[in-house]
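Enquirer: Sequence:
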Amino acid sequence: MKPQIRDHRPNPMEAMYPHIFYFHFENLEKAYGRNETWLCFTVEIIKQYLPVPWKKGVFRNQVDPETHCHAEKCFLSWFCNNTLSPKKNYQVTWYTSWSPCPECAGEVAEFLAEHSNVKLTIYTARLYYFWDTDYQEGLRSLSEEGASVEIMDYEDFQYCWENFVYDDGEPFKRWKGLKTNFRSLTRHLREILQ
DNA sequence: TTTTTTGTCTTTTTT
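Counting along the first sequence from 1, when you hit position 47 you're at 47 in UniProt numbering, and nothing is skipped either side.
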C-alpha cells in the first residue's frame, strides 16, 4: 500500500464568489448555517515605518478529516512556510467571518509572543460563542499579545468586497441591520476585552 | 435613537 501524501498546508485562494461573501460575512445576530469560517488576509512588510503591500488572499477552514484545519491555522502554517523572515517586520490583517476559537486564539497568541516582528489586526464579522468564558479568554489572550481585535464595520465589509470577492464591477450592497449588528457586537467585544 | 440566554471552523466506528 502506497502512503498517501496530502498537503496539510493549503495555499490561499485569490478571492471568493459574491454569494459566499454575502452569506458568510453577514453580521447577523443569529447566523444559522454558517458552519464554515472564511478568512481574508493582507500581509504587508514594514519598510522604514511604512507598510508595503506584500501578499493577500483567502482561506477557508479545511473540513476534510485528513486535513481538518481551522482557517487561522491554515494561515499560520502557510505564513510560516512561505513568507515569514525573522529579519522583516510584518503587518498582518485578517477579516474573518467568525472570531477565533480558544485553541486557535491560544496558538495565534503564542505565535505573536514568539514573533515580535509580526503585528496582527483582526476584524471579525461575528463573535464566535461570545457568551462562553473560554472563548472570551481566547480573545483576551490575543489582545494581551498585542493583536488588535475589532468588529467589522461597513468600510471593512466594503474593503473585503473590493479586494477579496469576484465582484464583477458590482458595488458592495449593504444588508439591513449591518450597523445595528455592528454596534451590538462592538458592545459585547468591549465588555470581553475590558 | 442604549436593555442578553443565543447563531457555531459539523458527529468519527454501526448496520
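These aren't lab readings, by the way, just hints derived from the structure by calculation.
Please note: incorrect hints may appear among the correct ones.
Unchecked claim - Derived DEER-like restraints, expressed as beta-carbon distance ranges: (1) Lys173 / Trp131: 15 to 23 Å; (2) Gly146 / Leu50: 30 to 38 Å; (3) Leu193 / Ser116: 16 to 24 Å; (4) Gln158 / Phe130: 18 to 26 Å; (5) Asn11 / Ser85: 13 to 21 Å; (6) Leu50 / Ser116: 13 to 21 Å.
The C-beta atom is built at its ideal place from N, Cα and C for all residues, glycine as well.
Enquirer: Is 13 to 21 Å right for how far apart the beta carbons of Leu50 and Ser116 are?
Expert: 19 Å, holds
Enquirer: Range first: 16 to 24 Å. Now tell me if the beta carbons of Leu193 and Ser116 are that far apart.
Expert: 21 Å, holds
Enquirer: Could you tell me whether the CB distance from Lys173 to Trp131 stays inside 15 to 23 Å?
Expert: Violated - the Cβ-Cβ distance for Lys173 and Trp131, about 30 Å, lies outside 15 to 23 Å.
Enquirer: Between the beta carbons of Asn11 and Ser85, is the distance compatible with 13 to 21 Å?
Expert: The hinted range 13 to 21 Å holds for Asn11 and Ser85, with Cβ atoms some 19 Å apart.
Enquirer: Per the hint of 30 to 38 Å, is the separation of the Cβ atoms of Gly146 and Leu50 within bounds?
Expert: Once the Cβ atoms are compared, 20 Å apart, the range 30 to 38 Å for Leu50 and Gly146 is violated.
Enquirer: Quick one: are Gln158 and Phe130 within 18 to 26 Å, going by C-beta?
Expert: This hint holds: roughly 24 Å between Cβ atoms.
The earlier numbered hints that this structure contradicts are 1 and 2.
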